[in-house]
Structures are given as C-alpha cells and as structure tokens.
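Each chain, letter by letter, is given below.
2 protein chains.
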Amino acid sequence: MNGGIRMSIAFYKDQFIPVNQAVIPIDERGHQFGDGVYEVIRVYNGKPFLLEEHLLRLESSAKAIQLQLTHTLPELTTIILEGIKLAHLDDAEVYVDVTRGIAPRAHLFPDVPSVLAMTVRPTRIIPDHLRKTGVKITLLPDERWTNCYIKSLNLLPNLLAKQRAFSTGYYEAVFYKEGLITEGSSSNVFIANQGKLYSPPLSKKILPGITRAKVLELADRMSLTFQEAELSIQDLHGADEVFITSTTYEIMPVVQIDDQTIGTGLPGPVTVSIKEAYENEIKQVTNKSLA
Amino acid sequence: MNGGIRMSIAFYKDQFIPVNQAVIPIDERGHQFGDGVYEVIRVYNGKPFLLEEHLLRLESSAKAIQLQLTHTLPELTTIILEGIKLAHLDDAEVYVDVTRGIAPRAHLFPDVPSVLAMTVRPTRIIPDHLRKTGVKITLLPDERWTNCYIKSLNLLPNLLAKQRAFSTGYYEAVFYKEGLITEGSSSNVFIANQGKLYSPPLSKKILPGITRAKVLELADRMSLTFQEAELSIQDLHGADEVFITSTTYEIMPVVQIDDQTIGTGLPGPVTVSIKEAYENEIKQVTNKSLA
Numbered sequence: 233m234n235g236g237i238r239m240s241i242a243f244y245k246d247q248f249i250p251v252n253q254a255v256i257p258i259d260e261r262g263h264q265f266g267d268g269v270y271e272v273i274r275v276y277n278g279k280p281f282l283l284e285e286h287l288l289r290l291e292s293s294a295k296a297i298q299l300q301l302t303h304t305l306p307e308l309t310t311i312i313l314e315g316i317k318l319a320h321l322d323d324a325e326v327y328v329d330v331t332r333g334i335a336p337r338a339h340l341f342p343d344v345p346s347v348l349a350m351t352v353r354p355t356r357i358i359p360d361h362l363r364k365t366g367v368k369i370t371l372l373p374d375e376r377w378t379n380c381y382i383k384s385l386n387l388l389p390n391l392l393a394k395q396r397a398f399s400t401g402y403y404e405a406v407f408y409k410e411g412l413i414t415e416g417s418s419s420n421v422f423i424a425n426q427g428k429l430y431s432p433p434l435s436k437k438i439l440p441g442i443t444r445a446k447v448l449e450l451a452d453r454m455s456l457t458f459q460e461a462e463l464s465i466q467d468l469h470g471a472d473e474v475f476i477t478s479t480t481y482e483i484m485p486v487v488q489i490d491d492q493t494i495g496t497g498l499p500g501p502v503t504v505s506i507k508e509a510y511e512n513e514i515k516q517v518t519n520k521s522l523a
Numbered sequence: 233m234n235g236g237i238r239m240s241i242a243f244y245k246d247q248f249i250p251v252n253q254a255v256i257p258i259d260e261r262g263h264q265f266g267d268g269v270y271e272v273i274r275v276y277n278g279k280p281f282l283l284e285e286h287l288l289r290l291e292s293s294a295k296a297i298q299l300q301l302t303h304t305l306p307e308l309t310t311i312i313l314e315g316i317k318l319a320h321l322d323d324a325e326v327y328v329d330v331t332r333g334i335a336p337r338a339h340l341f342p343d344v345p346s347v348l349a350m351t352v353r354p355t356r357i358i359p360d361h362l363r364k365t366g367v368k369i370t371l372l373p374d375e376r377w378t379n380c381y382i383k384s385l386n387l388l389p390n391l392l393a394k395q396r397a398f399s400t401g402y403y404e405a406v407f408y409k410e411g412l413i414t415e416g417s418s419s420n421v422f423i424a425n426q427g428k429l430y431s432p433p434l435s436k437k438i439l440p441g442i443t444r445a446k447v448l449e450l451a452d453r454m455s456l457t458f459q460e461a462e463l464s465i466q467d468l469h470g471a472d473e474v475f476i477t478s479t480t481y482e483i484m485p486v487v488q489i490d491d492q493t494i495g496t497g498l499p500g501p502v503t504v505s506i507k508e509a510y511e512n513e514i515k516q517v518t519n520k521s522l523a
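Chains E and F, in that order, give the protein sequences.
Each position in the first sequence, counted from 1, maps to that position plus 232 in my numbering.
Each position in the second sequence, counted from 1, maps to that position plus 232 in my numbering.
There's no promise every hint is true.
The list makes no distinction among identical chains, and a pair is therefore deemed to hold if it is satisfied within one copy or across any two copies.
[Stated by the list, open to error] Here are the simulated DMTMM-like pairs of lysine to aspartate or glutamate, each with C-alpha atoms no more than 25 Å apart in a straight line:
| # | residue 1 | residue 2 |
| --- | --- | --- |
| 1 | Lys368 | Asp343 |
| 2 | Lys364 | Asp322 |
| 3 | Lys428 | Glu284 |
| 4 | Lys245 | Asp343 |
| 5 | Lys295 | Glu375 |
| 6 | Lys245 | Asp490 |
| 7 | Lys515 | Glu410 |
| 8 | Lys436 | Asp360 |
| 9 | Lys437 | Glu375 |
| 10 | Lys295 | Asp452 |
| 11 | Lys409 | Glu307 |
| 12 | Lys364 | Glu462 |
| 13 | Lys428 | Glu513 |
No lab work stands behind these hints: they were computed from the structure.
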C-alpha cells in the first residue's frame with residue numbers, strides 16, 4: 233500500500249484511513265459521554281503481544297457496560313494484524329476503542345450500531361534508562377468511580393492525576409482509597425518484601441492488568457511467592473521494592489514515593505528479575521532480537 | 233442561509249457545519265478520554281434561557297480541569313445566537329462542549345488548542361402530561377467520581393443509571409451515597425415538607441444546577457422557605473412532595489420512588505406553584521406566548 237514506508241494508520245467503522253482524518257461527528261457517544269471501552273496493545277517485532285488477553289478484556293469491558301462489540305474477536309484480530317502490516321511498523325502501539333455509536337445526544341442507549349476505531353502508530357518512547365534507574369511516583373487520593381475494573385473511555389480523573397504527578401516532578405500518580413493502595417493512573421502496583429511479591433487484590437476498584445497477570449505467571453514460573461494483599465500507604469513506603477506495570481511501562485521500578493526513598497534507591501533484585509523475565513517473554517513470543 | 237427552513241445545525245472549531253458532518257479525528261480527547269466540559273441550554277421563542285448562567289458554569293467546569301476555553305464568553309454568546317438564528321428554531325436545545333483538543337493519544341495534557349463543538353436542534357419532547365401527572369424514579373447507589381460538581385464529558389455512570397431506570401420502568405435514577413441523596417443522573421432533587429423546600433447542599437458531590445438555582449430564586453420571591461439539607465433515603469420516601477429539576481426536565485414532579493407512592497400520588501401544591509412560577513419566568517424572559 234505504501235511501498236514499505238513506516239507510517240501511522242487508523243481504522244474507523246469498516247475501513248482503513250489516514251490517522252488524522254476527521255471521521256467522527258459531534259453526536260458520537262465516545263465524544264459526548266465517554267460511552268465506550270478501549271484497549272492499548274504493544275507490538276514488538278511486528279507482532280502484537282498478548283493480543284488475545286487484550287481482546288478478551290475488551291469483550292469483558294463491553295459486557296460490563298452492555299455494549300455490543302462491532303466485530304467478533306477473530307475479526308478484530310484480522311483488522312489489527314492488517315493494520316500493523318499496512319503501517320510497516322515493528323515497534324508499534326495499537327489503540328482500539330468501541331463506542332455506543334452515533335445518535336442525537338440523549339442519555340438512553342440509542343438503537344444504532346456500535347462503532348470501532350483503531351490507530352496503529354510508532355510506540356511512545358519510554359527511555360530505557362528509566363527502566364534501569366527507576367522512577368519517582370506520587371500518591372494521590374483515588375477520586376474515580378467505583379467500577380475501575382471496566383476499561384472505559386471515562387478517563388478524566390486519570391488524566392488529572394497523571395498531569396498533577398508530572399507537574400510536581402513525578403512519573404506516575406498512584407491512587408489510595410480509604411488508606412489503601414488501588415492502582416496507578418495507568419498502571420498496576422506491586423511491592424516486594426523479603427523476596428516475596430504482593431499486589432492489591434483484583435476487585436471492582438482496579439483494572440485487571442494484562443501485564444499484572446503476566447507478572448504473576450512469570451513469578452510462578454520463577455518460584456517467586458506472590459500474594460494478593462491490601463497494601464496501605466505505609467506498606468508502600470516501607471517496602472523493600474516497588475514497581476508498576478502496564479502495557480506501555482512494562483515493568484517499571486519505583487525508587488521514590490513522594491519524598492521517601494524506597495529501599496536502596498535503586499531497582500531491587502526481585503524487580504530486576506521480573507523485568508528481565510518479562511523482556512525475555514517478549515523476545516520469545518515475538519522473536520524480537522536482543523536490544 | 234436556508235430560506236427560513238427549520239433545521240439542526242452544528243459548529244466545530246470555527247465554522248458552522250451540517251450536524252452530521254464528520255469533523256473529529258480518532259485522536260480527539262473528548263472521544264478518547266472524555267477530556268472536556270459541556271453545557272445544554274434551552275431555547276424558548278428563539279431565545280436562549282439563562283445563557284449567561286450556563287456559560288459561567290462552563291467556565292467554572294473548564295477551570296476545574298485546567299482547560300482553556302476556546303472563546304471568551306461574549307464570543308461564545310455570539311456563536312450560540314448565530315446558531316439559533318441559522319437553525320430557524322423557536323424551541324431548541326443548544327449543546328456546547330469544549331475538549332482538550334487533538335493530539336496523539338497520551339494522558340498528559342498536550343500543547344494544542346482546545347476545540348469547541350456545538351449543536352443546535354429541536355428540543356427533545358418531554359410530553360407535557362408528564363409534568364402534570366408526575367413521574368416515577370428509582371434510587372440507585374452513586375457510583376460516580378468525587379467531583380460531580382464539574383460538568384465533564386465523563387458521563388458513563390450517569391448513562392448506565394438512566395438506562396437501568398428506564399429498563400425497569402422508571403423515568404429517572406436518583407443517586408444516594410452513604411445513605412444520603414446526592415442528585416439524579418441528569419437532575420437535581422428537591423423535597424417539600426409542610427410547605428417548606430429542601431434540597432441537598434451544594435458540594436463536590438453534585439452539580440450546581442442552573443434550574444436548581446432558579447428554583448431557589450423563585451422560592452425566595454414567593455416567600456417559600458428553602459433550606460439546604462442532607463436528605464436520607466427515608467426523608468425522600470416520607471416527603472410530602474418530591475420533584476426533580478434540570479434544563480430539559482424543567483420542574484418535574486415525582487409521584488413514586490421505587491414501589492413507594494409519594495404524598496397523594498399527585499404533584500403537590502408546592503411543586504405545582506414552583507412549576508408555574510418557572511414557566512412564567514420562561515415566558516417573561518423570552519416573551520414566549522402562553523401554551
């Protein structure tokens with residue numbers, strides 16, 4: 233299609249389009265209500281990583297808001313693979329959303345088809361040194377709704393928290409609710425104490441992270457003990473090691489929480505071993521060559 | 233422009249467009265995050281009602297999420313009045329939103345201009361008999377975020393509640409949080425007891441309704457006593473009268489809450505007098521002829 237030149241590309245409704253093309257009218261329920269669900273999928277070496285897991289979660293999110301997906305999961309897979317191919321990108325980020333369609337604005341669900349939107353573009357660069365030296369995070373109150381297990385397009389509280397973290401010198405905002413850690417504005421949280429891994433239990437309060445689940449699988453393979461546990465702010469401050477996970481962050485060590493240094497101030501051994509195992513997993517699954 | 237034919241019309245960025253025109257790319261922060269604020273303004277007799285109040289609230293909402301409005305309030309007024317004129321509509325509904333613009337998807341605020349979107353269309357018909365006989369509402373837990381005083385595009389919990397109310401035979405969902413009434417999915421709540429009016433206090437938990445404020449002003453003029461008061465579920469069930477207010481509903485009597493009849497099962501005298509005063513206010517301000 234484009235002679236092999238790397239490019240960003242989008243898909244809307246039923247066709248591939250240039251990524252900046254105006255395709256959405258004002259009366260679209262994503263735009264007016266955030267009435268939709270989404271996923272972000274990383275592509276390494278031209279291959280989408282953990283695609284099936286992401287699509288299954290998209291399906292769960294849609295079901296939770298009584299939204300009919302536009303395509304079957306095999307059809308979505310075909311569209312995503314075609315998009316990656318058309319974009320000629322090895323290292324890419326696929327964004328997919330499904331909204332409750334286009335209809336004159338009214339709260340009640342309209343009797344119109346849902347709409348699929350997708351972009352495929354070069355991945356946001358997370359400087360590799362950050363994953364080596366670790367990042368600083370800030371703790372903020374969790375002001376979000378009670379159903380954060382749904383990956384919906386209602387992301388304003390997450391944006392405000394991320395922006396506040398950034399503007400005060402932190403890389404990510406991690407939320408607490410009634411004194412207990414929930415998750416980051418776009419990540420899950422883990423701690424390690426005496427070689428053992430802990431993370432808040434899955435509940436309606438947090439997203440069931442795909443990277444989180446992969447970490448648990450890797451920990452199991454590495455015979456690392458993992459336990460779901462409610463973590464207090466004090467637990468985080470006093471932890472030997474802290475890291476956050478997401479599709480984009482992968483495994484990101486945390487070395488400072490607000491003005492408190494964590495552990496030695498360097499990524500600890502459990503974090504580093506999980507990080508290496510995750511990177512190896514990517515390489516094995518996608519045949520990605522060593523960096 | 234259109235020879236006086238009634239029509240819907242839209243405005244996007246800096247020009248008037250057909251209401252269904254695709255103008256928004258996928259990478260728009262309203263669509264992807266609900267990252268914006270909005271207002272709905274009723275037009276009676278070709279005149280927008282309480283326009284200044286709505287624009288001031290739009291400004292407050294924008295400020296609360298650190299969003300720069302695209303236009304000054306006088307400029308917005310001009311665009312809205314021009315839209316109403318172009319649409320040739322006497323009875324209309326103006327929807328205005330401002331989003332944080334168009335940029336490759338990332339949580340942090342991009343350095344791009346905000347974008348204005350507007351639609352002007354015939355108002356949704358609320359059958360007049362409903363305002364005469366009253367409606368049934370259902371009480372649902374308030375699952376929304378903690379900053380509902382901001383009129384943002386994150387409306388998924390409101391949609392889900394409204395849809396649930398509708399699908400179980402109710403006209404509106406009214407929320408409670410920790411046993412106390414907050415507001416409806418798109419309305420404020422009032423009760424009357426022994427001729428006295430009560431409504432939950434303004435706080436971060438509820439929208440400062442424009443119609444709510446007008447009701448207070450009218451109550452004052454009518455020498456009706458009003459008091460801001462935390463209302464329990466029991467207070468609602470036991471009230472002499474209940475009504476809900478919004479720009480679209482205006483003053484809507486509530487005669488049943490779940491399976492419990494309120495008062496006599498008919499709109500009570502305080503509700504009716506407020507409703508008549510509100511309708512008179514519309515007529516006086518907009519020179520609307522009597523129905």
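Comparing the hints with the structure gives:
1. Lys368 x Asp343: Classified as between; 24 Å across copies, 47 Å inside a copy.
2. Lys364 x Asp322: within (23 Å within a copy, 64 Å between copies)
3. Lys428 x Glu284: Neither way: Lys428 and Glu284 sit 29 Å apart in one copy and 59 Å across, limit 25 Å.
4. Lys245 x Asp343: Result: close within a single copy only, 16 Å intra versus 29 Å inter.
5. Lys295 x Glu375: both (24 Å within a copy, 18 Å between copies)
6. Lys245 x Asp490: Cα proximity of Lys245 and Asp490: none, with 44 Å in one copy and 40 Å across.
7. Lys515 x Glu410: neither (40 Å within a copy, 49 Å between copies)
8. Lys436 x Asp360: neither (33 Å within a copy, 41 Å between copies)
9. Lys437 x Glu375: This pair counts as both: shortest intra-copy Cα distance 11 Å, inter-copy 11 Å.
10. Lys295 x Asp452: neither (30 Å within a copy, 48 Å between copies)
11. Lys409 x Glu307: neither (39 Å within a copy, 42 Å between copies)
12. Lys364 x Glu462: neither (27 Å within a copy, 52 Å between copies)
13. Lys428 x Glu513: For Lys428 and Glu513, only the intra-copy Cα distance (21 Å) is at most 25 Å; the inter-copy one is 68 Å.
When each numbered hint is compared with the structure, violations occur for hints 3, 6, 7, 8, 10, 11, 12.
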